[in-house]
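The listed protein sequences correspond, in order, to chains X and R. The opening position of the first sequence corresponds to residue 481 in our numbering, with each subsequent residue numbered one higher. The opening position of the second sequence corresponds to residue 88 in our numbering, with each subsequent residue numbered one higher.
Keep in mind that a hint or two might mislead.
As the list claims (entries may be wrong) - Going by beta-carbon spacing under 7 angstroms, a handful of chain R positions derived as facing chain X:
no. : residue
1   : GLY122
2   : MET160
3   : PRO250
4   : GLN285
Claimed, not checked - Cut-off 25 angstroms, straight-line C-alpha distance, at most; resulting in silico cross-link-like pairs (DMTMM-like, lysine to aspartate or glutamate):
no. : chain 1 : residue 1 : chain 2 : residue 2
5   : X       : LYS632    : R       : GLU273
6   : X       : LYS632    : R       : ASP103
7   : X       : LYS662    : R       : ASP138
8   : X       : LYS721    : R       : GLU137
9   : R       : LYS280    : X       : ASP783
10  : X       : LYS632    : R       : GLU268
11  : X       : LYS632    : R       : GLU134
12  : X       : LYS761    : X       : ASP505
Said to hold, decoys possible - In silico negatives: residues of chain R with every beta carbon more than 12 angstroms from chain X:
no. : residue
13  : VAL120
14  : GLY156
15  : ALA158
16  : ARG282
17  : MET283
18  : ARG377
19  : PHE387
20  : SER388
21  : GLN398
Since the hints were derived computationally from the structure, they do not count as laboratory data. Ideal placement from N, C-alpha and C gives every residue a C-beta, glycine not left out.
Next come the chains, spelled out residue by residue.
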Amino acid sequence: MAVAREATPVESAEDVRAADLDREDLLQIYRNMLITRGIEERGHILYRQGKIPGSFYTGRGNEAAAVGVATAMQPDDVGTPIQRDMGVHVTRGTPPWRIFAQYMGRSDGLAAGKDGNVHMADIRLGLMAMVSHLPAMMPVAVGCALSFQIRKQPRVAVGWSGDGAMARGDAHEAMNLAGVRKLPVVFIVDNNQYAYSTPSKLEYGCVHLADRADAYGFDGVVVDGTDVLTVYREAHAAIEKARAGGGPTLLELVTLRMEGHAVHDDAFYVPRELMETWAKKDPIERYRRWLKEQSLLDEQREDEITVDVKKMLNEAVRKAEESPLPDPSALYEGVYADPEELDTPHHR
Amino acid sequence: MAVKTYLQAISDGLRDEMRRDSRVFLIGEDIGVYGGAFKVTQGFQAEFGEDRVIDSPLSETAITGACTGAALMGMRPVCEMQFSDFVSCAFDQLVTVAAKQHYRVGTPVPIVMRLPSGGGFSGGPFHSQNPEGFFAHCPGLKIVCPATPADAKGLIVEAIRDPNPVLYFEHKHLYRRIKGEVPDGEHTVEFGKARMHQEGDDISIVTYGAMVYTAEEAAKQVAERDGTSVEILDLRTVTPWDKQAVLDTVAKTSKVIVLHEDTHTSGFGAEIAATIAEEAFEHLDAPVVRLTAPDTPIPFSPPLEKAFLPQVEDVVAAIDKLSAY
Numbered sequence: 481m482a483v484a485r486e487a488t489p490v491e492s493a494e495d496v497r498a499a500d501l502d503r504e505d506l507l508q509i510y511r512n513m514l515i516t517r518g519i520e521e522r523g524h525i526l527y528r529q530g531k532i533p534g535s536f537y538t539g540r541g542n543e544a545a546a547v548g549v550a551t552a553m554q555p556d557d558v559g560t561p562i563q564r565d566m567g568v569h570v571t572r573g574t575p576p577w578r579i580f581a582q583y584m585g586r587s588d589g590l591a592a593g594k595d596g597n598v599h600m601a602d603i604r605l606g607l608m609a610m611v612s613h614l615p616a617m618m619p620v621a622v623g624c625a626l627s628f629q630i631r632k633q634p635r636v637a638v639g640w641s642g643d644g645a646m647a648r649g650d651a652h653e654a655m656n657l658a659g660v661r662k663l664p665v666v667f668i669v670d671n672n673q674y675a676y677s678t679p680s681k682l683e684y685g686c687v688h689l690a691d692r693a694d695a696y697g698f699d700g701v702v703v704d705g706t707d708v709l710t711v712y713r714e715a716h717a718a719i720e721k722a723r724a725g726g727g728p729t730l731l732e733l734v735t736l737r738m739e740g741h742a743v744h745d746d747a748f749y750v751p752r753e754l755m756e757t758w759a760k761k762d763p764i765e766r767y768r769r770w771l772k773e774q775s776l777l778d779e780q781r782e783d784e785i786t787v788d789v790k791k792m793l794n795e796a797v798r799k800a801e802e803s804p805l806p807d808p809s810a811l812y813e814g815v816y817a818d819p820e821e822l823d824t825p826h827h828r
Numbered sequence: 088m089a090v091k092t093y094l095q096a097i098s099d100g101l102r103d104e105m106r107r108d109s110r111v112f113l114i115g116e117d118i119g120v121y122g123g124a125f126k127v128t129q130g131f132q133a134e135f136g137e138d139r140v141i142d143s144p145l146s147e148t149a150i151t152g153a154c155t156g157a158a159l160m161g162m163r164p165v166c167e168m169q170f171s172d173f174v175s176c177a178f179d180q181l182v183t184v185a186a187k188q189h190y191r192v193g194t195p196v197p198i199v200m201r202l203p204s205g206g207g208f209s210g211g212p213f214h215s216q217n218p219e220g221f222f223a224h225c226p227g228l229k230i231v232c233p234a235t236p237a238d239a240k241g242l243i244v245e246a247i248r249d250p251n252p253v254l255y256f257e258h259k260h261l262y263r264r265i266k267g268e269v270p271d272g273e274h275t276v277e278f279g280k281a282r283m284h285q286e287g288d289d290i291s292i293v294t295y296g297a298m299v300y301t302a303e304e305a306a307k308q309v310a311e312r313d314g315t316s317v318e319i320l321d322l323r324t325v326t327p328w329d330k331q332a333v334l335d336t337v338a339k340t341s342k343v344i345v346l347h348e349d350t351h352t353s354g355f356g357a358e359i360a361a362t363i364a365e366e367a368f369e370h371l372d373a374p375v376v377r378l379t380a381p382d383t384p385i386p387f388s389p390p391l392e393k394a395f396l397p398q399v400e401d402v403v404a405a406i407d408k409l410s411a412y
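When you get a sec, could you build the whole thing from the sequences and use the hints?
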């Protein structure tokens with residue numbers, strides 16, 4: 481039985497005003513979504529050119545989900561985005577050239593070559609680097625929230641999972657502890673319907689993953705993850721509820737993963753009709769159309785944004801390619817932290 | 088200086104750090120109202136409140152992950168696994184998340200895991216283990232195994248102040264059995280510095296944790312019997328370990344026993360023995376003897392458990408074997 485609330489879509493300009501977004505905010509969301517997709521498209525080209533070692537993952541179809549949530553976070557809030565959430569890094573202000581350097585294993589990547597692809601984060605932007613063992617960062621987000629509660633800080637942690645990872649015990653333990661202590665944490669599930677090749681019906685038996693929230697003593701909401709304004713509204717409400725002491729919320733953002741698990745995977749197992757249905761809901765195209773309908777984006781402004789993003793990303797790729805590969809001696813650096821590293825603002 | 092039990096010394100160190108630093112908090116199962124399964128944190132919740140002495144659900148993964156998150160936000164979490172055996176449930180959070188975080192993205196994870204370990208009282212396969220060997224294989228973690236009350240206090244304080252994930256193995260069999268002088272007030276013990284438990288000339292025993300006392304009793308027996316002089320080196324910390332002190336004692340006596348309560352194959356003794364072979368071969372007058380628990384789970388019934396744990400007579404036999412070589 482489904483128990484989670486299904487979010488109604490944001491449609492009118494009035495809805496948007498209620499969500500506290502002005503025109504420039506709305507255009508910034510658009511721009512962040514374009515940058516997000518642009519980074520991944522360029523990354524894919526670099527990968528095919530042999531400039532990116534290892535594998536390459538994209539979040540095509542998840543741009544609205546990632547940017548919508550990150551836009552709702554305040555500067556002092558923190559989060560643990562996962563591999564389809566490039567939009568979180570972009571919205572929080574990670575410079576794209578460092579992301580390209582990260583992809584290419586260069587010294588200026590966020591992991592300086594120690595880790596690759598989306599396994600990155602800048603703690604100064606309130607982000608923590610994911611590990612492959614999803615959703616291992618959900619309990620970590622809970623710990624951030626625990627520290628905010630102990631110190632009575634008005635901050636919120638956002639912990640991400642995918643639909644597949646919700647089958648693992650970390651998700652249960654994290655949500656249970658958060659529910660018990662009413663912690664200021666919001667859980668996001670990027671539900672793109674496939675865990676690698678395994679469809680949702682083989683990953684969980686409930687109707688919605690958000691239904692599980694009820695079992696942990698908090699609210700669950702199912703949201704169309706291709707609709708950036710609805711994602712923003714629901715994330716904003718959940719984050720502010722958590723900040724006000726109202727405890728956690730589980731937001732299930734439903735999308736379809738529009739490419740394979742990684743670039744080696746052509747996703748032959750996803751039915752074509754399903755792909756076609758969701759292609760019509762492309763989050764960027766959908767939002768662009770809405771902005772135009774609402775007369776918030778004219779052709780001139782659209783061209784300006786498109787050209788500006790393109791220029792910025794071209795420059796970012798160039799700068800990243802200038803970043804040196806790490807010296808082999810760096811292998812031995814950083815296994816252990818030194819005491820003076822605790823004398824930084826975020827560690828006090 | 089005051090005489091304290093090993094358990095009181097741990098408790099004192101924790102309390103001192105909590106009074107000194109408001110960022111230190113405790114989380115674990117039954118550590119608050121009940122004061123911990125072994126009463127290490129008895130009275131803590133009354134003094135520091137429910138926000139700093141947190142009774143958690145039965146969730147080792149969430150406890151450990153939450154410690155990492157809180158540490159990344161600037162706190163100094165100390166968690167208790169009710170028995171060190173249960174740290175297996177937190178393996179991923181330790182090995183995958185906490186241990187590699189600094190190497191990958193440069194953010195320190197100053198957490199302490201308190202791990203009541205060791206056998207000797209029919210705890211059976213799941214309440215008696217010494218799992219330090221698993222974690223000694225994982226770069227990024229530090230491992231502490233105090234044997235004396237003074238070290239128990241000094242090492243818990245050092246662990247809390249260390250900027251890395253530290254596994255603090257407190258041996259249950261020492262909790263109330265071992266008493267000793269403990270410095271009052273501020274007391275820290277540096278990681279990676281072994282302690283000379285007793286000096287000797289004929290044979291060296293390199294060990295840590297509860298086996299220090301098994302070695303001590305064996306050394307006493309052979310000294311009284313025929314004057315054999317045994318040196319006992321207590322490593323105190325397994326990661327980092329004091330390689331130089333080990334090489335020095337090998338150079339001095341030329342015969343060495345590596346003794347631990349963990350099981351044999353790939354136990355930390357193997358690392359010590361290999362290092363001696365690599366770096367002190369010329370000093371050896373006999374092969375290194377590894378004396379450990381056998382490669383079996385820890386059984387429950389007293390005669391089986393006694394057969395599992397290295398006993399004083401096993402150490403005496405090893406000393407005699409080396410003496411005769």
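> Looking at ARG377 (chain R) again, its CB stays over 12 angstroms from all of chain X?
Replying inline: Non-interface label on ARG377 (chain R) holds, nearest chain X Cβ at 27 angstroms vs cutoff 12 angstroms.
>> Please verify whether LYS632 (chain X) and GLU268 (chain R) have alpha carbons no more than 25 angstroms apart.
In response: violated, 40 angstroms
>> Need the status of pair LYS632 (chain X), GLU134 (chain R): alpha-carbon distance at most 25 angstroms?
In response: Judged against 25 angstroms, a Cα distance of about 19 angstroms means the pair holds.
>> With the threshold set at 25 angstroms, check whether the alpha-carbon distance from LYS632 (chain X) to GLU273 (chain R) stays at or below it.
In response: violated, 29 angstroms
> Are LYS280 (chain R) and ASP783 (chain X) close enough, with their CA atoms no more than 25 angstroms apart?
Replying inline: Violated - the C-alpha atoms of ASP783 (chain X) and LYS280 (chain R) are around 66 angstroms apart, more than 25 angstroms.
>> LYS632 (chain X) and ASP103 (chain R) were given as a pair; does the straight-line alpha-carbon distance stay at or below 25 angstroms?
In response: holds, 23 angstroms
>> Check the hint pairing LYS761 (chain X) with ASP505 (chain X) against an upper bound of 25 angstroms on the C-alpha distance.
In response: holds, 22 angstroms
>> Beyond 12 angstroms on every Cβ pair: is that true for VAL120 (chain R) relative to chain X?
In response: At roughly 15 angstroms from the nearest Cβ of chain X, VAL120 (chain R) sits farther out than 12 angstroms, so the non-interface label holds.
> Regarding the assertion that SER388 (chain R) does not contact chain X, is the least Cβ-Cβ distance greater than 12 angstroms?
Replying inline: Consistent with the label, SER388 (chain R) stays out of reach of chain X, its closest Cβ about 33 angstroms off (over 12 angstroms).
> Does MET283 (chain R) sit more than 12 angstroms from chain X, CB to CB?
Replying inline: Since the minimum Cβ distance to chain X is about 26 angstroms, MET283 (chain R) lies beyond 12 angstroms and the statement holds.
>> Minimum C-beta separation from GLY156 (chain R) to chain X exceeding 12 angstroms: can you confirm that?
In response: Non-interface label on GLY156 (chain R) violated, nearest chain X Cβ at 2 angstroms vs cutoff 12 angstroms.
> Per the CB criterion, is MET160 (chain R) less than 7 angstroms away from chain X?
Replying inline: holds, 4 angstroms
Checked against the numbered hints given earlier, this structure breaks hints 1, 4, 5, 9, 10, 14 and 15; the rest are met.
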